[in-house]
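J.: Spelled out, the chains give:
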Amino acid sequence: MNIQSPTRPSLRSFWDATGMLLVFVLLFAGCALFVPNFSSWVNFKGLLLSVATVGLISCTMLFCLASGDFDLSVGSIVAMAGVLTAVVINRTGSVPLGIAAGVASGALVGLVNGFVIARLGINALITTLATMQIVRGLAYIISDGKAVGINVPSFYSLGINSFPANPSRFAVPIPIWIMLISFVIFGILLNKTIFGRNTLAVGGNAEASRLAGIRVAPLKIVIFTLQGAMAAFAGVILAARFTSGQPTTAQGLELQVISACVLGGVSLTGGTGTIIGVVVGVLIMGIVNNAMNLLQIEPFYQYLASGSILLAAVLVDRLRTRTA
Amino acid sequence: MPYLQFQSLSKSFPGVRALHDISFPVEESSVHALMGENGAGKSTLLKILSGVYRPDSGQLLLATQPQSFRSTNDAIAAGIAVIYQELQLVPEMSVAENLYLGHLPHSLGFLDKSTLRQNALQQLALLGEDIPPKTKLSSLPIGQRQMVEIAKALSRDAKVIAFDEPTSSLSSRETDKLFAVIRQLRSQGKVILYVSHRMDEIYSLCDAATVLRDGKHVITYPKPLPTSPPLHSPTSSLPPRDTLIQNMVGRSITDIFRYSPRPQGSVALEVRNLTGKGLSSPASFSVKKGEILGFFGLVGAGRTELLKLLYGAVRPRSGSIEIDSRPARISSPAAAIRSGIVLCPEDRKKEGIIPIRSVQENINLSGRRHFSPLHFFINPKRERTNAADQIRALSIKTPTPKQLIKNLSGGNQQKAILARWLSENNVKVILFDEPTRGIDVGAKSEIYSLIYRLAESGVAVIVVSSELPEVLGISDRICIMRQGSIAATLDRSQATSESVLSLALPATQEAA
Numbered sequence: 044m045n046i047q048s049p050t051r052p053s054l055r056s057f058w059d060a061t062g063m064l065l066v067f068v069l070l071f072a073g074c075a076l077f078v079p080n081f082s083s084w085v086n087f088k089g090l091l092l093s094v095a096t097v098g099l100i101s102c103t104m105l106f107c108l109a110s111g112d113f114d115l116s117v118g119s120i121v122a123m124a125g126v127l128t129a130v131v132i133n134r135t136g137s138v139p140l141g142i143a144a145g146v147a148s149g150a151l152v153g154l155v156n157g158f159v160i161a162r163l164g165i166n167a168l169i170t171t172l173a174t175m176q177i178v179r180g181l182a183y184i185i186s187d188g189k190a191v192g193i194n195v196p197s198f199y200s201l202g203i204n205s206f207p208a209n210p211s212r213f214a215v216p217i218p219i220w221i222m223l224i225s226f227v228i229f230g231i232l233l234n235k236t237i238f239g240r241n242t243l244a245v246g247g248n249a250e251a252s253r254l255a256g257i258r259v260a261p262l263k264i265v266i267f268t269l270q271g272a273m274a275a276f277a278g279v280i281l282a283a284r285f286t287s288g289q290p291t292t293a294q295g296l297e298l299q300v301i302s303a304c305v306l307g308g309v310s311l312t313g314g315t316g317t318i319i320g321v322v323v324g325v326l327i328m329g330i331v332n333n334a335m336n337l338l339q340i341e342p343f344y345q346y347l348a349s350g351s352i353l354l355a356a357v358l359v360d361r362l363r364t365r366t367a
Numbered sequence: 019m020p021y022l023q024f025q026s027l028s029k030s031f032p033g034v035r036a037l038h039d040i041s042f043p044v045e046e047s048s049v050h051a052l053m054g055e056n057g058a059g060k061s062t063l064l065k066i067l068s069g070v071y072r073p074d075s076g077q078l079l080l081a082t083q084p085q086s087f088r089s090t091n092d093a094i095a096a097g098i099a100v101i102y103q104e105l106q107l108v109p110e111m112s113v114a115e116n117l118y119l120g121h122l123p124h125s126l127g128f129l130d131k132s133t134l135r136q137n138a139l140q141q142l143a144l145l146g147e148d149i150p151p152k153t154k155l156s157s158l159p160i161g162q163r164q165m166v167e168i169a170k171a172l173s174r175d176a177k178v179i180a181f182d183e184p185t186s187s188l189s190s191r192e193t194d195k196l197f198a199v200i201r202q203l204r205s206q207g208k209v210i211l212y213v214s215h216r217m218d219e220i221y222s223l224c225d226a227a228t229v230l231r232d233g234k235h236v237i238t239y240p241k242p243l244p245t246s247p248p249l250h251s252p253t254s255s256l257p258p259r260d261t262l263i264q265n266m267v268g269r270s271i272t273d274i275f276r277y278s279p280r281p282q283g284s285v286a287l288e289v290r291n292l293t294g295k296g297l298s299s300p301a302s303f304s305v306k307k308g309e310i311l312g313f314f315g316l317v318g319a320g321r322t323e324l325l326k327l328l329y330g331a332v333r334p335r336s337g338s339i340e341i342d343s344r345p346a347r348i349s350s351p352a353a354a355i356r357s358g359i360v361l362c363p364e365d366r367k368k369e370g371i372i373p374i375r376s377v378q379e380n381i382n383l384s385g386r387r388h389f390s391p392l393h394f395f396i397n398p399k400r401e402r403t404n405a406a407d408q409i410r411a412l413s414i415k416t417p418t419p420k421q422l423i424k425n426l427s428g429g430n431q432q433k434a435i436l437a438r439w440l441s442e443n444n445v446k447v448i449l450f451d452e453p454t455r456g457i458d459v460g461a462k463s464e465i466y467s468l469i470y471r472l473a474e475s476g477v478a479v480i481v482v483s484s485e486l487p488e489v490l491g492i493s494d495r496i497c498i499m500r501q502g503s504i505a506a507t508l509d510r511s512q513a514t515s516e517s518v519l520s521l522a523l524p525a526t527q528e529a530a
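Residue numbers (our numbering), protein chains in the order written: chain A, 44 to 367; chain B, 19 to 530.
There's no promise every hint is true.
[To be verified] In the PhoX-like style, the derived pairs of lysine-lysine whose C-alpha atoms are separated by at most 25 Å in a straight line are:
#1 B/Lys420 to A/Lys235
#2 B/Lys154 to B/Lys195
#3 B/Lys399 to B/Lys368
#4 A/Lys235 to B/Lys399
#5 A/Lys235 to B/Lys154
#6 B/Lys367 to B/Lys295
#7 B/Lys195 to B/Lys177
#8 B/Lys415 to B/Lys367
#9 B/Lys131 to B/Lys152
It should be emphasised that the hints constitute simulated quantities derived from the structure, not laboratory data.
Bound-form chain A, shown alone (with noise of 0.2 Å):
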């Protein structure tokens, strides 16, 4: 067989590993310059703000799609964590019980869907979507229904506080914090270490990376894990913002983290993926959202743009990817 490469490599890696970091430039560039008050400090705040909890779920999300598979609880697993955070504070008044508790519940979720998928062989999108509903149902159960305000007042500090204090005019809310160390963290783990680079190995071909020696099972088990603790530890956050566990909160919100990062990049199909153009596709979808919001656009056509998004998305991956 003949294995030539009919496209033009040079012109291709360039696309990319530049191509939506170009975009966004020129998003960021035409916001500037045509939203008002786009440019400040404080927008820019909120901006981050808007991004945490995707960004946040993003990270384990590209090891997840980089692994060739993905996961559609996350949105259901935000809201249960927050839920049962909630109603532990509330019974034990201990808030490292609270947000142990959560992250616990998420990681055993993630630890249901690796197993599932891993050992018992059913395919990704059908274990996530059970999941998905399974923990939504929990999340109604647990909290009876409702919204359940929590009542021990440190706990807001995790979403609400910022650092270095306000009225600091460097205070950066500590969500935005915990999310950018996250990028650093999970950069690091994705480029650094064998965890990392099996990953992508596996994603790229499963068969050969379990016949180079790769333990392929647990290697899924682990990411799925991770993916469950970190979509709960996003949810123990968000709860802590809205000082109230809510288990209607971040509904759709997989759809939003998988558009994130198939938009930065990650192939679908599993192989290819970089932390940087994760952060390029949370910021993008942020920064389009925000400058609606700042124009006075009804929220009814966020919803248009985000469906064109991820349209916009699926179509770039598609182009990424296609042999000519």
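Chain B: place on chain A using the hints.
T.: For chain B alone, kept in the frame of chain A given last:
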């Protein structure tokens, strides 16, 4: 005049001149071999013929009419069909639907099932096949699927039919059937292009041959005569085998195996009563350090299955494996590698390489854990130097270690997989499943010398192959498998084509 003519075709991709000024004629009622090493330009030429690529310059003529295909549909409409290695069929649909996909008979928008069935029956009967048209394609053996693909080409009135290595996954009986059909097509006046690496096939089937090398036309046999096209006398129209090979590689290869005996040590691998999927009786054998043990058998004899059990890719039911006289428990490939057994798999694309990762990544995939004390952070410097060292040592042809491995030729991919195992520090037994499948003649002898080098360094080597000359050429000892069990083991001195083949054939005549 020849029906199909290539005239000064050139095609470049950035950095690669795939075809340069290719001209040659292809006659009607002939089977024309297209030969050349990997990268010679055969696939590019087929893709121009089928309308996938457009040439940069030059043209192709059909019955003296210049053609300019904008799409594969244009080529199909002009009567061209290319039967690729990977068939272009829908496994989940019926045979009949596959045959008429794209122009299913219908009335008022509803599928006309009876016409579909009638047409399909007729079309298949032309090829001497009596496959029920309702059969789901995926339930057919590969040989019959190929027949469906050929029938599909004929149903579209194809005049020019090109085959791209059609026999690579066929049994010998299926191959015979295919050849009969190709000869029948030839007698019907079709123009047939035939790409294959197998010299035997070319001599038994083809009456003309064109050799390409590095994108250039080397020679076309028979040399054009001023008179009418040649008669079908393959032996006289093609030159001797050595001349053809010499044309392909640009140098003469007398003995591509270059076997020489080497010292052997103690038993490295002892397998006792191994049973599992694909084996009909327990398998026992042993390999010494420095020994090359060949496994030969017909398709379905259980050779690949045996290797997979040995490697833990499929869990064995029972049996014991000893490495260096110590029992080894092999429950997974990861465990096999840690015990010192490694595998270069049969299907490189599906089981060997990670196509969309770099050559360097592919080389370091397994060995990288030795570079990192905590088995957590990778060691970029060691990975770079290891990849560079391996690329040099095995002379892997790649522009840079960062090149995606899918862009390498088959031989170089195989070498990269070998490099992966040479990056392990504890390899005692290496398993090769069809090490030279789809690899051109020049690269083959390189792979053989790498196998010898491994054996000389004291590694026990097992080579599974369905090419008899290869097994005979490189093995110290040969295990012959038949219907899921090891039928016999012969020393190199006892093994001849006849003795090995007669042991490999089923004892009783199979019912037809």
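J.: Against this structure, judge whether each hint is valid.
T.: Outcome of the hint check:
no.	hint	verdict
1	B/Lys420 to A/Lys235	holds (16 Å)
2	B/Lys154 to B/Lys195	holds (21 Å)
3	B/Lys399 to B/Lys368	violated (29 Å)
4	A/Lys235 to B/Lys399	holds (12 Å)
5	A/Lys235 to B/Lys154	violated (48 Å)
6	B/Lys367 to B/Lys295	holds (23 Å)
7	B/Lys195 to B/Lys177	holds (21 Å)
8	B/Lys415 to B/Lys367	holds (18 Å)
9	B/Lys131 to B/Lys152	holds (10 Å)
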